[in-house]
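Chemist: Sequence:
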Amino acid sequence: MLVPVLLSGGVGSRLWPVSREAHPKQFQPLAGELSMLQETLQRTAGLDEAAPVVVCNEEHRFMVAEQLRQVGINAGALILEPAGRNTAPAVALAALQAIASDPEALLLVLPADHVIQDTAAFVAAVSKAVALAKEGRLMTFGVVPTHPETGYGYIKCGSGMGEDLYDLERFVEKPDSATASAYLESGNYLWNSGMFLFSAAAYLEELSRHAPEMLAACELAMASARQDMDFVRPDAEAFIACPADSIDYAVMEKTRLGAVVSLDCGWSDVGAWSALWDVAERDDGGNACRGDVILDNCQDSYFFSDSRLVAATGVADVVVVETADAVLVASKDKVQDVKRIVNALKEQQRPEASLHRRVYRPWGSYESLVSSDRFQVKRIVVNPGQRLSLQMHHHRAEHWIVVQGTAEVTCDDRTFMLGEDESTYIPLGTRHRLANPGKIHLEVIEVQSGTYLGEDDIVRFDDQYGRDS
Numbered sequence: 007m008l009v010p011v012l013l014s015g016g017v018g019s020r021l022w023p024v025s026r027e028a029h030p031k032q033f034q035p036l037a038g039e040l041s042m043l044q045e046t047l048q049r050t051a052g053l054d055e056a057a058p059v060v061v062c063n064e065e066h067r068f069m070v071a072e073q074l075r076q077v078g079i080n081a082g083a084l085i086l087e088p089a090g091r092n093t094a095p096a097v098a099l100a101a102l103q104a105i106a107s108d109p110e111a112l113l114l115v116l117p118a119d120h121v122i123q124d125t126a127a128f129v130a131a132v133s134k135a136v137a138l139a140k141e142g143r144l145m146t147f148g149v150v151p152t153h154p155e156t157g158y159g160y161i162k163c164g165s166g167m168g169e170d171l172y173d174l175e176r177f178v179e180k181p182d183s184a185t186a187s188a189y190l191e192s193g194n195y196l197w198n199s200g201m202f203l204f205s206a207a208a209y210l211e212e213l214s215r216h217a218p219e220m221l222a223a224c225e226l227a228m229a230s231a232r233q234d235m236d237f238v239r240p241d242a243e244a245f246i247a248c249p250a251d252s253i254d255y256a257v258m259e260k261t262r263l264g265a266v267v268s269l270d271c272g273w274s275d276v277g278a279w280s281a282l283w284d285v286a287e288r289d290d291g292g293n294a295c296r297g298d299v300i301l302d303n304c305q306d307s308y309f310f311s312d313s314r315l316v317a318a319t320g321v322a323d324v325v326v327v328e329t330a331d332a333v334l335v336a337s338k339d340k341v342q343d344v345k346r347i348v349n350a351l352k353e354q355q356r357p358e359a360s361l362h363r364r365v366y367r368p369w370g371s372y373e374s375l376v377s378s379d380r381f382q383v384k385r386i387v388v389n390p391g392q393r394l395s396l397q398m399h400h401h402r403a404e405h406w407i408v409v410q411g412t413a414e415v416t417c418d419d420r421t422f423m424l425g426e427d428e429s430t431y432i433p434l435g436t437r438h439r440l441a442n443p444g445k446i447h448l449e450v451i452e453v454q455s456g457t458y459l460g461e462d463d464i465v466r467f468d469d470q471y472g473r474d475s
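To convert, take the position in the sequence shown, counting from 1, and add 6; that gives our numbering.
Keep in mind that the hints were calculated from the coordinates and are not lab data. What you are looking at is a predicted structure, and each value in this text was computed from that prediction instead of being measured. Every residue, glycine too, gets a C-beta built ideally from N, C-alpha and C. One should not assume that every hint holds.
[To be verified] Taking lysine-lysine pairs in the DSSO-like style, the calculated list, with each CA pair at most 27 Å apart, reads: (1) Lys-180 <-> Lys-140; (2) Lys-340 <-> Lys-134; (3) Lys-260 <-> Lys-180; (4) Lys-338 <-> Lys-352; (5) Lys-180 <-> Lys-445; (6) Lys-140 <-> Lys-162; (7) Lys-180 <-> Lys-340; (8) Lys-162 <-> Lys-180; (9) Lys-260 <-> Lys-162; (10) Lys-140 <-> Lys-260; (11) Lys-384 <-> Lys-445; (12) Lys-340 <-> Lys-352; (13) Lys-180 <-> Lys-338; (14) Lys-352 <-> Lys-384.
[Unchecked claim] Simulated restraints on C-beta separations: (15) Glu-72 <-> Ala-330: 55 to 61 Å; (16) Arg-314 <-> Asp-462: 16 to 22 Å; (17) Gly-272 <-> Ala-184: 25 to 31 Å; (18) Asp-468 <-> Met-167: 54 to 60 Å; (19) Ala-330 <-> Glu-179: 37 to 43 Å.
Sequences are here, hints too, so could you generate the full structure?
Modeler: What follows is the structure, given as structure tokens:
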């Protein structure tokens with residue numbers, strides 16, 4: 007059986023301010039109506055595949071589960087990496103998980119944050135690669151280059167093995183402009199997509215040959231893994247001891263079993279804002295717009311509005327990205343440098359480096375609307391059937407006003423219901439809980455007042471999501 011393995015550990019810092027550590031690009035609808043993770047999941051629908059395996063980190067686990075639920079997909083496993091160790095160990099965890107139930111499992115390894123415009127071409131390429139993967143070959147997908155790109159690694163193809171199938175001669179690093187042009191003219195080089203297809207057994211065998219310490223650590227981590235609700239938790243101590251490396255370096259550059267399938271499908275790894283401009287629909291002036299945007303005499307630019315009107319006049323080759331708490335303005339040919347902005351924010355310990363104004367939690371989300379020294383107003387959204395922890399605060403009291411749905415409120419020894427336009431008061435030091443027993447989202451306006459309003463002023467007594475702080 008073909009098992010899609012989605013790697014969802016990236017941060018996408020070059021797409022700041024939309025992509026941030028707490029809510030990175032794969033969970034956002036940057037190139038369509040669905041998030042990039044959801045698009046990737048649905049991309050495999052034309053294949054005879056098993057339930058997908060998703061590898062992600064601890065912080066994002068409930069976002070992954072919720073996004074799968076939204077598109078009606080049940081995961082075969084949601085594997086939580088105790089720490090980031092790059093792609094080779096992540097795939098090893100998935101391979102060990104898959105092979106335990108199916109010794110002949112084939113793994114289709116897909117980053118969760120790529121764009122593919124021609125899904126039919128992608129499915130056809132996968133189908134071509136399956137036969138060779140069943141014979142023990144480790145297949146990689148090489149994208150037919152459309153221009154001399156210096157931001158991608160390349161694959162040099164060897165002798166042909168069938169339609170769009172080649173021996174893998176070697177990987178090459180990101181080239182300079184002249185070298186990239188030479189690659190394009192030769193016709194022997196493809197972009198390295200970071201997508202793979204191989205049997206779990208073949209991958210683990212090659213990992214044992216070329217990176218035995220890595221395999222040993224992953225085997226130990228999975229041997230002691232525990233099941234937590236829908237999540238598989240590898241042993242943290244064993245996995246943290248695992249060497250970090252990519253599939254390319256750990257296996258594909260060393261194996262003699264590598265092969266390439268050529269792929270022409272409108273692919274992009276969406277590594278920067280200019281890449282979204284590349285794949286977006288554009289107006290007669292070459293501008294791509296998303297959100298509430300008004301333009302006058304602008305050319306070849308990208309505009310993204312998240313929360314308010316963005317207006318521009320007389321500009322060319324720029325990127326303008328607006329969110330509720332930050333605005334990015336960049337030259338389109340310098341967007342790779344956005345990561346330097348993120349590093350500067352981290353050095354200044356600014357929350358905008360990692361958090362949005364809207365913060366996602368296992369039960370839903372909250373968004374700060376107004377904040378001052380002794381009060382704060384938040385919009386809280388609780389998903390159907392979910393509830394917050396039973397908690398108390400030492401330094402603040404809260405007023406709750408229901409604006410949509412029905413709330414179940416616990417306040418010390420009382421539990422009662424609130425409907426729309428009803429409110430209640432939670433005194434300082436009171437044990438309390440907010441829950442949504444209904445079938446629609448519960449929306450509450452929360453007014454906090456007190457001497458300290460930080461998120462760390464929470465004492466949890468009971469939490470269904472396993473959080474203790």
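Chemist: Each hint needs a verdict: does it hold in this structure or not?
Modeler: Right, here's what the structure says about each hint:
A hinted pair counts as satisfied when its Cα atoms are at most 27 Å apart, and Lys-180 with Lys-140 does not qualify at roughly 31 Å. Between the alpha carbons of Lys-340 and Lys-134 the distance comes to roughly 38 Å, so the proposed pair goes past 27 Å and is violated. For a cut-off of 27 Å, the pair hint linking Lys-260 to Lys-180 stands: about 19 Å separates their Cα positions. Distance restraint check for Lys-338 and Lys-352: the Cα-Cα separation of roughly 23 Å lies within the 27 Å cut-off, and the hinted pair is therefore satisfied.
At roughly 50 Å between alpha-carbon atoms, Lys-180 and Lys-445 are farther apart than 27 Å, so this suggested pair is violated. Simply put, Lys-140 and Lys-162 have alpha-carbon atoms about 23 Å apart, close enough for the 27 Å limit, and the pair holds. Of the pairs offered as hints, the one joining Lys-180 and Lys-340 holds, with about 17 Å between alpha carbons and a cut-off of 27 Å not exceeded. Between Lys-162 and Lys-180 the alpha-carbon distance is near 13 Å, which keeps this suggested pair within the 27 Å criterion.
Taken as a hint, the Lys-260 and Lys-162 pair is honoured in the structure, with Cα atoms around 14 Å apart against an allowance of 27 Å. A C-alpha spacing of about 20 Å is found between Lys-140 and Lys-260, which places the hinted pair at or below 27 Å, so the restraint holds. Simply put, Lys-384 and Lys-445 have alpha-carbon atoms about 22 Å apart, close enough for the 27 Å limit, and the pair holds. Proximity of Lys-340 to Lys-352 is assessed by CA-CA distance (about 20 Å); at most 27 Å being required, the pair is judged to hold.
At most 27 Å may separate the alpha-carbon atoms for a hinted pair to count; Lys-180 and Lys-338 meet this at roughly 20 Å. Distance hint between Lys-352 and Lys-384 is fulfilled; the C-alpha atoms sit about 25 Å from each other, no more than 27 Å. For Glu-72 paired with Ala-330, a C-beta distance near 21 Å fails the hint of 55 to 61 Å. One distance hint, 16 to 22 Å for the beta-carbon pair Arg-314 and Asp-462, is violated here, with the actual separation near 30 Å.
Hint check: Gly-272 to Ala-184, Cβ distance near 26 Å, so the stated range 25 to 31 Å holds. Taken as a hint, the range 54 to 60 Å holds for the pair Asp-468 and Met-167, whose Cβ atoms sit roughly 59 Å apart. Taken as a hint, the range 37 to 43 Å holds for the pair Ala-330 and Glu-179, whose Cβ atoms sit roughly 38 Å apart.
This entry does not satisfy hints 1, 2, 5, 15 and 16, going by the numbered hints stated previously.
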